[in-house]
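Two independent chains are provided; combine them into the complex using the hints.
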Amino acid sequence: MSMLTVSGSPHVHGHQNVKSIMYGVVVAMLPAIFVSIYFFGLDAARVFFVSIAACLFFEWSIQKYLLKGPLTINDGSALVTGVLLAFNVPSSLPVWMIVVGALVSIGIAKMSFGGLGKNPFNPALVGRVFLLISFPVQMTSWPLPKALFNSAVTDAITGPTTLGILKEGISAGKTVQELMLSPNFPGYLNDFIGAQAGSMGEISAIALLLGAAYMFLRKIITWHIPVAYIGSAVVFSGILWLVDPTQFIDPLMHLLAGGMILGVFYMATDMVSSPMSPKGQIVFGVGAGLLTIMIRVWGAYPEGVSFAILIMNAFTPLINKAFKPARFGENVPVKK
Amino acid sequence: MKTFKLGGVHPEENKLSAGAVVETLPLPEKVCIPVSQSLGAPSKVVVEKGELVKTGQLIAKGESFISSNVHASVSGKVVKIDEVIDASGYRRQAVFIDVIGDEWVENIDRTPALVSEITATKDDIVKKINEMGIVGLGGATFPSHIKLMVPEGKKAQYLLINGVECEPYLTSDHRLMLERGNEMLVGIKILMKGLDVTKAYIGIERNKPDAIDHLRNLCKDFQGIEVVELKVKYPQGGEKQLIKAVTGREVPSGKLPIEVGCVVNNVGTALAVYEVVQKNKPLIDRIVTVTGKSLQKPSNLLVRIGTPISSLIDFAGGLPENTGKVINGGPMMGKALTSLEVPVVKGTSGILIMSEQESVRVPVSNCIRCARCISVCPMGLEPVLLAQLAENQGFEQAEKEHIMDCIECGSCHFTCPAGRPLLDYLRLGKNKVGFIIRTRGK
Numbered sequence: 001m002s003m004l005t006v007s008g009s010p011h012v013h014g015h016q017n018v019k020s021i022m023y024g025v026v027v028a029m030l031p032a033i034f035v036s037i038y039f040f041g042l043d044a045a046r047v048f049f050v051s052i053a054a055c056l057f058f059e060w061s062i063q064k065y066l067l068k069g070p071l072t073i074n075d076g077s078a079l080v081t082g083v084l085l086a087f088n089v090p091s092s093l094p095v096w097m098i099v100v101g102a103l104v105s106i107g108i109a110k111m112s113f114g115g116l117g118k119n120p121f122n123p124a125l126v127g128r129v130f131l132l133i134s135f136p137v138q139m140t141s142w143p144l145p146k147a148l149f150n151s152a153v154t155d156a157i158t159g160p161t162t163l164g165i166l167k168e169g170i171s172a173g174k175t176v177q178e179l180m181l182s183p184n185f186p187g188y189l190n191d192f193i194g195a196q197a198g199s200m201g202e203i204s205a206i207a208l209l210l211g212a213a214y215m216f217l218r219k220i221i222t223w224h225i226p227v228a229y230i231g232s233a234v235v236f237s238g239i240l241w242l243v244d245p246t247q248f249i250d251p252l253m254h255l256l257a258g259g260m261i262l263g264v265f266y267m268a269t270d271m272v273s274s275p276m277s278p279k280g281q282i283v284f285g286v287g288a289g290l291l292t293i294m295i296r297v298w299g300a301y302p303e304g305v306s307f308a309i310l311i312m313n314a315f316t317p318l319i320n321k322a323f324k325p326a327r328f329g330e331n332v333p334v335k336k
Numbered sequence: 001m002k003t004f005k006l007g008g009v010h011p012e013e014n015k016l017s018a019g020a021v022v023e024t025l026p027l028p029e030k031v032c033i034p035v036s037q038s039l040g041a042p043s044k045v046v047v048e049k050g051e052l053v054k055t056g057q058l059i060a061k062g063e064s065f066i067s068s069n070v071h072a073s074v075s076g077k078v079v080k081i082d083e084v085i086d087a088s089g090y091r092r093q094a095v096f097i098d099v100i101g102d103e104w105v106e107n108i109d110r111t112p113a114l115v116s117e118i119t120a121t122k123d124d125i126v127k128k129i130n131e132m133g134i135v136g137l138g139g140a141t142f143p144s145h146i147k148l149m150v151p152e153g154k155k156a157q158y159l160l161i162n163g164v165e166c167e168p169y170l171t172s173d174h175r176l177m178l179e180r181g182n183e184m185l186v187g188i189k190i191l192m193k194g195l196d197v198t199k200a201y202i203g204i205e206r207n208k209p210d211a212i213d214h215l216r217n218l219c220k221d222f223q224g225i226e227v228v229e230l231k232v233k234y235p236q237g238g239e240k241q242l243i244k245a246v247t248g249r250e251v252p253s254g255k256l257p258i259e260v261g262c263v264v265n266n267v268g269t270a271l272a273v274y275e276v277v278q279k280n281k282p283l284i285d286r287i288v289t290v291t292g293k294s295l296q297k298p299s300n301l302l303v304r305i306g307t308p309i310s311s312l313i314d315f316a317g318g319l320p321e322n323t324g325k326v327i328n329g330g331p332m333m334g335k336a337l338t339s340l341e342v343p344v345v346k347g348t349s350g351i352l353i354m355s356e357q358e359s360v361r362v363p364v365s366n367c368i369r370c371a372r373c374i375s376v377c378p379m380g381l382e383p384v385l386l387a388q389l390a391e392n393q394g395f396e397q398a399e400k401e402h403i404m405d406c407i408e409c410g411s412c413h414f415t416c417p418a419g420r421p422l423l424d425y426l427r428l429g430k431n432k433v434g435f436i437i438r439t440r441g442k
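The listed protein sequences derive, respectively, from chains A and B.
Heads up: the first sequence runs through residues 1 to 336, numbered per the numbering used here.
Heads up: the second sequence runs through residues 1 to 442, numbered per the numbering used here.
You may find that some hints are simply not true.
[What the hints assert, rightly or not] Only pairs whose alpha carbons sit at most 25 Å apart, straight line, appear in this in silico DSS-like list of lysine-lysine:
(1) K324/A x K432/B
(2) K400/B x K324/A
(3) K400/B x K432/B
(4) K233/B x K324/A
(5) K154/B x K128/B
(6) K279/A x K233/B
(7) K321/A x K5/B
(8) K122/B x K155/B
(9) K49/B x K80/B
(10) K321/A x K400/B
(11) K5/B x K324/A
(12) K231/B x K219/A
(13) K279/A x K155/B
(14) K30/B x K77/B
(15) K5/B x K219/A
Quick caveat, the hints were computed from the structure, so don't treat them as lab data.
Okay, chain B solo, but in the shape it has when bound (with noise of 0.2 Å):
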C-alpha cells in the first residue's frame, strides 16, 4: 500500500458525514463576499454601492500576478462594500450583496447535462481559468491558473489530484467523488491538456473504498487518469507528501512540485475547472462539510460563496447548547471562528462544532524528551527543538533548523505526551524568521 514514508499520525477519522448525500443550502437573504480569496494580493472591487448584480458577475478584479477574480454568488443588491472579518481573523475589504431572486449571467450553462468534449485550447484553458476566479480548493485558495503556467525551464509529468481527505471529520471531497465524478474526471482532463501532460493520478485514502471503486469504474472512459489508493495517514493530503507516496519523488526544501514535474490539485478544484470551461460558471459555490459530535445532523451542503456560516450550522440541527468550538477546516488544521457571522469562502472545506469538553487543551507539563515529535514529523524536522528556538527568539538559529520547512499539519503537538503547544512555536517562529528572510538585503 502506498503511502510517504517519513513521520505521520492516525487521528480518530470522525467521518460522521460520509454517508450525507449533498443538499443544496437553500438561498441566504444576505451575503458577504470578501474580495481577498485567494493567497496572494487582494483584488480591486469593481462594482458600487447600490448596483444590482447577477449570480455570476465579476465583482472584484485580480491585479496583480498572485491573485484572483472574485464573482457574485448571488443576484441582489450591493448594499455596502466594508470590512468584515474573516474566516483566518483578519479584517478584510468585502462586498454585501441583499439577494433579490436569482437571475445568473446569461452566457452560464445550468443544465445539468456533462459536456465531456473538451473543446477549448491550452490558452483558452488558462485564461477562462484566471477569468473565473478558480484558486485551489483543498484550502491553501492558490490561483490555480499560476499552476498551469509552468515556468522555463521546467516540464510537468505528472498531474496530480488530491482526493486523500486525510483530515478527520470532513468527507466534502469524498462525497464529491462519488456524486460529481465524471465531471471531475472531464475538469481532470482539462487541466491535463491545459498542462500537456499525459498522466494523472487521483491519490485516496483507503478509508473511502466506494470513491475508489467508483472512480476506477468511471476512469475505464477516461485515457490517462488512473486511481492511486493509499494507506490512511495524516497528513498525505499534504501536497508534498502526496507527491512522495505516489510518485516517490521528494520536492527538495523551499521548491514548489514542479521542481519534480509534478502539479497537484484537489478534487474540488477539478470539479470547478469543469464547471468554468465547459459550463462557463465562475467559482460561486462549493461543497462545505458541516459536521461535529454533538452535532444533531451532519451534513455535506452545496453552498454559495459569501453565505454566513451561522446558516450552514442552522440548517444542521442549530448550533448545540454546549458548543466550545467553531472551526474552520477540520481538527488538525483548521482555524478557530471567533463568530458565526463570518462567510463562507472559496477555501472553507468544512465547519466543525466541538463541544466544551473536547475544546479544552490537554494540560501542559515538562517535556520528558521522548522524541515523538521528531517521530512522527513528515518533514523531517525536530519540533521540540525548533519550538526552544522560538521561545527563546533563537530565530537565526531556528532558520538554520529548517523551520521554514514545516507545513503547520499539527502532528507534533497532537502527539506530544506532555501536551506542549509545539505549533504555536513553531507558529510564531516562521513568523518571525519569514519577517527576517524577507526584509535581509533591504
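One chain only, chain A, in its complex shape (with noise of 0.2 Å):
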C-alpha cells in the first residue's frame, strides 16, 4: 500500500487566501478607476499605467536580486499599491515622479521591511506623503475634471480642490457660505459624484462606496476601523460646525471633499498596518478621524487624511499591545 499523509488537524481550509483578499481589493477599485479616467482622460489612464508598472517591476526586481525570496509579484499586493499610489497623485504628474512615488512606496516602505506583511505604515501613503513633500507645486496642482456629461475636454487648466478653496478663503478672512457659494465651487453633488478638482482616486464618494460595499460583501475589511474613523470625524467636525458655521466646515462637506472616503475604506483599512482586535481598530479610527480634523482645520495642509492614517500607523503596534480581543470566560457575570 502506498503512503498515507500525515499532518495535524485541521485536514480542511477556508476559501478565501491572500491572492483572493488582494484581487478583491483590486475589483472594489475598479469604480473610482473608472470614474478618474472618465473625468480626467488618458492622462489618468497614463497615471495609472505608470504607477502599476512601476510597483510590480521593484516588487519583481527587489525580491529577485535582493532579498533573493520566492517571488510574490502574483499575489496582487504590488498592484494594490500601484493602484492606491495613482488614486493618490493628481492626474498631471510626470511620469518620473510617479517611478520614483512607486520606488519609495514598494521599495523603502514594504521591501526594505522585508515585504508584505511586515511593513509597518501604508506603502502608497508613504510613497504619496513623500512625493507631496518633495514636489509640493506637482503634487498640487490638481487639473479640472470636465464638466459632467459634456466633452470638452479641459485637461490642461488646473485649480484648487474644494479643501484647497475653503481652507485659503477661511484664512483670508471670508465665511464658508461666502466661499460655497463662489462660482468655481464644486458643491455637494459634484463632490458626491467626482466632478472636482483632486487626487485621481478622491474626486467620487459614489464610486468609492460602491467599492467599500463589495468589500464587506466579501467579508475583506470589517465596519470596526471605518465606522470609528468616520464617527469620530463627523463628531468631532460637527462639534466645531455648531460652534461656528462660519468658520468651520460642516460634517458632510468632511466627508465628500479630499480623500476621507479613499481614506476610510481602502488605506486605514490596510490589515498589514492597522490594528488586529476590534477594539484596537476602533481606537485606531477614532484616532485617525481625530487627526484628519484637526489637520484640516488647523495644519498648514488643506488635507490631513495620509497624514492621519500613517500616524496612527506608527502607534499600531502600542494599539496592539493594549488592546486585546475579549477572552472567553474572562468577565463572567457571577449568577448564583
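As C-alpha cells, this is what we get:
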C-alpha cells in the first residue's frame, strides 16, 4: 500500500487566501478607476499604467535581486499599492515622479522591511507623502475634471480642490458660506459624483462607496475602522461646526471633499498596518478621524487623511498591546 | 437562534452519510483492544494469554481515579498482550483476541425491549458507569462517572446533552438521535438522577431538523428534557461553547463546567449509560461514521471496540485508489492515521477518507496581519501572537497570553488566508507550557 499523508488538524481550509483578498480590493477599486479616467481622460490612464508597472517592477526586481526570496509579484499586493498610489496623485504628475513614488512605496516602505505583511506603514501613503513633501508644486496642481456629460476635455486647466478653496478662503477672512457660493466651488453633488479637482482616486464618493460595499460583502474589510473613523470625524467636525458655522466646514462636506472616503475604506483598513483586535481597530479609527479633522482645520495642509493614517500606523503596535480581544470567560458575571 | 458569541467558522458540512441507516458491522476475525481508552492513566490487564473470554467480560481494570475499565468486545481467545500503535499515534498496551463465536456474559440483557423504569439508585448509577467503562464518547474520552461526582461546595443545575455534531462529515450522533432516541432519553433521565438535576437540554444544530423534530416529539414523554435548536457554527460542540450557546454562561479560564452549574455529556454517552444501567451491557461497541467524497458507500456502522478500521473501510466499499489521508475523527479536529490496522476505540466517532488532492495543505506565505485568526477564535485568543511566541520559544509569555485556553478547534488555521499552520505552533506551545506548569515548584 502507498504511504498515507500525516499532518496536524485541521485537514480542510477556508476559501479566502491572500490573492483573493488582494484581487478583491482591486475589483473594489474599479469603479473609482473608471470615474477618474472618465473625468481626467487619458492622462489618468497614463498615471495608472505607470504607477502599476513601476510598483510591479520594483516588487519583482527587489525580491529577485536583493531579497532573493520567492517571487511574490502574483499575490496582488503590489498591484493594490500601484493603484492606490495612482489614486493619491493628480493626473498631471510627470512620469518620472510617479516612478520615484513607486520606488519609495515598494522599495522603502514595503520591501526594506521584508515585503508583504512586514511593513509598519501603508506603502502607498508613504509614497504619496514623500511626493507631496518633495514636489509640492506638482503634487498640488489639480487638473479640473471635464464637466459632467460634457465632452470638452479641459485637462489643460488646473484649479484648487474643494478643501483648498475653503482652507485658503477661511484664512483670508471669508466665511464658509461665502466660499460655498463662489462660482468655482464644486458643491455637494459634484463632490459626491466626482466632478471636482483632486487626486485621481478621491474625487468620487459614490464610486468609492460602491467598492467599499463590495469589500464588506466579500468580508475583506470589517466595519470597525470605517465606522470609528467616520464617526469620530463627523462628531469632532460637527462640534466645531455647531460652535461657528462660518469658520468651520460642516461634517458632510468634510466627508465628501478630499480623500476621506478613499482613506477610510481603502487605506486605513489596510490589514498589515492597522490593529488586529476589534477594540484596537476602533481606537485606531477614532484617532485617525480626530487627527484628520485637526490637520484639516489647524494644519498647514488643507488635507490631513494621509498624515492621520500614517501617524496612527505608527501607534498600531502599541494599540495591539494595549487593546486585547475579549477572552472567553474573562469577565464572568457572577450568577447564583 | 441560539449560538455562542465569540468567533467560530462555517466549514462545508459535507454530511454525506446523514441518510445512511446504521448497519451492524459483521464480527471481525480478530480484535485488538487498547487498555488505555480514556483520558487518564492506563488500566491494568486482568486476563492472561491463552485465556478464553466472553463478550462483556472485564479485561482491564482502571486503578487510579481518572481511568476506566475495559471489557472484551467479542468472545474468543486472548492470543497476545502486546503494544499497538493506536489512533493517537502512540504505542499502547493492548489485548489481542481471536474471535470464536459470540458468547456473551450471562447477565447482559440483549433483547431490544425498551426498559424505561429506572430502579437504580444514585449511587448504583455512578458505580455502574464506573465499572462498565463508560467514557465520554464525543472524542475526549473523559471517564463519565467522574462527571457525576460533583465536588463538594458545587451544585449541578443543568445537564447538557451534546447532539451538536459540528464536525463536518460526521453523522454518527445524528443517526443515533434518530434511531435510538428513546433509549438515549432514558439514558439522559438516568444521568439526571445520578446528578440530582431536574433540567436537561439537548443541543442540536439546525442542520439536523429531522433529529430536532423527532426528539421534540419523544421528549413529550420525558419530563424535564428539552431540545434546544442551535445555529450551525463550528466549534459549537466544544463543551464551553455549548454551555455558552444553551445557557449563556461562560466557564472561566482553566475551570470545569461544574463551576457554572453545568455537566455536559455526548448523546452517545447517554445511550451507553442506558445500556449499562438498564441492560447491564458494558461499553463494547459504538456507532462510527465511515465517510469521504471518494468513498463508494459512506456509512454509519455499529462496530465492536477493537475492530481494525480497515474492516470498516472494506464494508464501505474499500479504500479508494487515490486516498491521501485517513483521518480518525472529523476534518477539523481529527487525527491523520499512519496505518489502517489501527483499532476502533471508545473515542472513535468517524473515519474520514480524503483523496490525495484534498490532503495537500495550502501553500504558506507571509502573515498579512489580517486578524482573521483572532476574529474566529472561539476562546478570544490571538493565535497569530501565540504562534509567533511558540515559534520563537517565548513560552513564559505564551502562558501569560493564555495559550492553555486554546481548545485546538483549528478555526485559526482553517481561516488563515496565508495558510499559516497556526494550530501546529499552538500545539507545540501548549505542550511546552504544560510541561513548564507541571514542573513548576518541583
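Consistency of the hints with the structure:
{"no.": "1", "hint": "K324/A x K432/B", "in the structure": "23 Å, holds"}
{"no.": "2", "hint": "K400/B x K324/A", "in the structure": "12 Å, holds"}
{"no.": "3", "hint": "K400/B x K432/B", "in the structure": "13 Å, holds"}
{"no.": "4", "hint": "K233/B x K324/A", "in the structure": "24 Å, holds"}
{"no.": "5", "hint": "K154/B x K128/B", "in the structure": "23 Å, holds"}
{"no.": "6", "hint": "K279/A x K233/B", "in the structure": "23 Å, holds"}
{"no.": "7", "hint": "K321/A x K5/B", "in the structure": "23 Å, holds"}
{"no.": "8", "hint": "K122/B x K155/B", "in the structure": "15 Å, holds"}
{"no.": "9", "hint": "K49/B x K80/B", "in the structure": "5 Å, holds"}
{"no.": "10", "hint": "K321/A x K400/B", "in the structure": "13 Å, holds"}
{"no.": "11", "hint": "K5/B x K324/A", "in the structure": "17 Å, holds"}
{"no.": "12", "hint": "K231/B x K219/A", "in the structure": "20 Å, holds"}
{"no.": "13", "hint": "K279/A x K155/B", "in the structure": "36 Å, violated"}
{"no.": "14", "hint": "K30/B x K77/B", "in the structure": "10 Å, holds"}
{"no.": "15", "hint": "K5/B x K219/A", "in the structure": "18 Å, holds"}
The structure is inconsistent with hint 13 alone, although it conforms to all the rest.
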